[in-house]
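The hints should help you fit chain B onto chain A, whose structure is shown.
The listed protein sequences correspond, in order, to chains A and B.
In terms of the working numbering, the first sequence has 85 at position 85, counting the first letter as 1, and numbering is strictly consecutive.
In terms of the working numbering, the second sequence has 335 at position 131, counting the first letter as 1, and numbering is strictly consecutive.
Simulated from the structure, these hints should not be mistaken for laboratory data.
Check the hints yourself; a few may be wrong.
In silico lysine-lysine, DSS-like type, Cα no more than 30 angstroms apart, as pairs [what the hints assert, rightly or not]: (1) LYS360/B x LYS56/A; (2) LYS232/B x LYS200/A; (3) LYS24/A x LYS386/B; (4) LYS344/B x LYS386/B; (5) LYS24/A x LYS263/B; (6) LYS374/B x LYS24/A; (7) LYS385/B x LYS24/A; (8) LYS56/A x LYS232/B; (9) LYS360/B x LYS54/A; (10) LYS291/B x LYS374/B; (11) LYS272/B x LYS54/A; (12) LYS374/B x LYS186/A; (13) LYS56/A x LYS272/B; (14) LYS56/A x LYS374/B; (15) LYS54/A x LYS344/B; (16) LYS56/A x LYS217/B; (17) LYS292/B x LYS56/A; (18) LYS24/A x LYS360/B; (19) LYS291/B x LYS54/A; (20) LYS92/A x LYS263/B; (21) LYS56/A x LYS385/B; (22) LYS92/A x LYS217/B; (23) LYS56/A x LYS291/B; (24) LYS386/B x LYS54/A; (25) LYS54/A x LYS292/B.
On a predicted model such as this, the values are computed, not experimentally measured, just so you know.
Letter by letter, the chains look like this.
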Amino acid sequence: MTREHVNERIQDYLDHNQPPEDFKQLEAELREANAMDDFEEYRLLDAQLRTLPKPKLSADFTSRVLAQLPEQVDTSNVTPLRKPSRFGGKMKQYPLLAAASIFMLLSVGSLGGYMTQEDKDLSYTNIPGIVAENGEVVVPKGVTVNQDLYVEGGNVRIEGKVNGDVMTVDGTAYTASAGNVTGEIKEIDQLFERVWYGIKRIFD
Amino acid sequence: MEETTLRLIERVKQGDRDAFAALVDLYKEGAFLVAFRVLRDRMEAEDATQEAFIRVFTKIESYNAQWKFRTWLYRIVTNVSIDRLRKKRPDYSLDAEMSGTEGLTLYSQLESKEQLPEDQVVDSEQRSAVGDAIAALPEKYRIPLVLKYIEDLSLKEISEMIDLPVATVKTRIHRGREALKKHFGTR
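So here's chain A without its partners, still in its complex pose (with noise of 0.2 angstroms):
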């Protein structure tokens, strides 16, 4: 064997993390071509190699990396788990139109307080089938709405099927399980949005 050959013996041993099956052999292979001392003088070098300093991170990493994360990931092919309300982001995306809504609203709040008022009551599409109780509008089991339906000033409970958006002013909408609605499901419970979401259908 070749000194260059002896040298790779050895190397390739070393960097196999196991030893390997002829382990003897090697030996005695090294020792025929008299490489004895390089093979001990790599097998310091490897254990010195492996004890070098590990030092430790300090004990805050891991909360110094979260505060630094940024704050929107980009999740743009993920399913969200909800939906987002569209308005914050809009307000952003559109500050000029966000500036004509808040004039908007001081107008509208100028013009009284006709609005709060009507927000008490109960109003809603109003489609055959569909039954309003205690507050609360029911789409009931077996029923199926082939329109947007829109509900404002109480909760919409969903058993039966929605073929369009469903659309709740100062209520929750409550669907007995995923599917049942074909559309959006759109809550707006400020008198603010739902200024905003008028101005939208305009541009819309």
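Just chain B, lined up with the frame of chain A:
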């Protein structure tokens, strides 16, 4: 561990920060060691590890389960660390507190004739004969070699981490060891 990791990753993809914290806790020590071996400076390594984890969080969507998560993470850590290593290079202020020390500035080192400030900076990786010899190796041998001695990484994993063929990684590790052996052999 792999299964726990995959479950955590799924949750992180949904934006779950607690799951991310658990993931960081599982892998931080190893990741930090990779950065430290490359950068040889505790504080720099900690910053690099932090940067790498933030990248992991923002790029978690691009993580492909065909890769071992560890390999993917270490690859990011290595890249961040090598970038920093290249940008770093001296610009030391005497007033700056030295990394790895408390309240010690380079001024305190000027008295001593034996140790130059440059050595003191190197000192952050506790001085040892092997440590010095490794530091003197060219980067292309040094990095594969030190990675080899972290958590028994395989040649294949190292090759994936630094984007070099396995055969090249192997040769470089061998050359590195050979150089170190020669360095000590001549004593």
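Item to check | 30 angstroms Cα cutoff - pair LYS56/A, LYS385/B | outcome: The hint holds at about 28 angstroms.
Next on the checklist: Need the status of pair LYS56/A, LYS232/B: alpha-carbon distance at most 30 angstroms?
Outcome noted: holds, 10 angstroms
Checklist entry - Is it true that the CA of LYS92/A sits at most 30 angstroms from the CA of LYS217/B? => result Distance of about 25 angstroms is within 30 angstroms: holds.
Next on the checklist: With the threshold set at 30 angstroms, check whether the alpha-carbon distance from LYS386/B to LYS54/A stays at or below it.
Outcome noted: holds, 25 angstroms
Checklist entry - Are the Cα positions of LYS292/B and LYS56/A separated by 30 angstroms at most? => result holds, 22 angstroms
Checklist entry - Taken at face value, is the distance from the CA of LYS200/A to the CA of LYS232/B at most 30 angstroms? => result Between LYS232/B and LYS200/A the Cα gap is close to 47 angstroms, so the pair fails against 30 angstroms, i.e. violated.
Checklist entry - Is LYS291/B close enough to LYS374/B, meaning Cα to Cα at most 30 angstroms? => result holds, 27 angstroms
Checklist entry - When you check the alpha-carbon spacing of LYS56/A and LYS217/B, does it fall within 30 angstroms? => result Roughly 29 angstroms separates the two Cα atoms, so the pair holds.
Item to check | LYS24/A paired with LYS386/B [C-alpha distance capped at 30 angstroms] | outcome: The given pair, whose Cα atoms are some 26 angstroms apart, holds under the 30 angstroms limit.
Item to check | Satisfaction of hint between LYS272/B and LYS56/A, Cα-Cα up to 30 angstroms | outcome: Cα-Cα ~24 angstroms, so holds.
Next on the checklist: Need the status of pair LYS54/A, LYS292/B: alpha-carbon distance at most 30 angstroms?
Outcome noted: At roughly 22 angstroms apart (the allowed maximum being 30 angstroms), LYS292/B and LYS54/A satisfy the hint.
Checklist entry - Are LYS385/B and LYS24/A close enough, with their CA atoms no more than 30 angstroms apart? => result Holds. LYS385/B to LYS24/A sits at ~23 angstroms (cutoff 30 angstroms).
When held up to the earlier numbered hints, the structure conflicts with 2, 5, 12 and fits the remainder.
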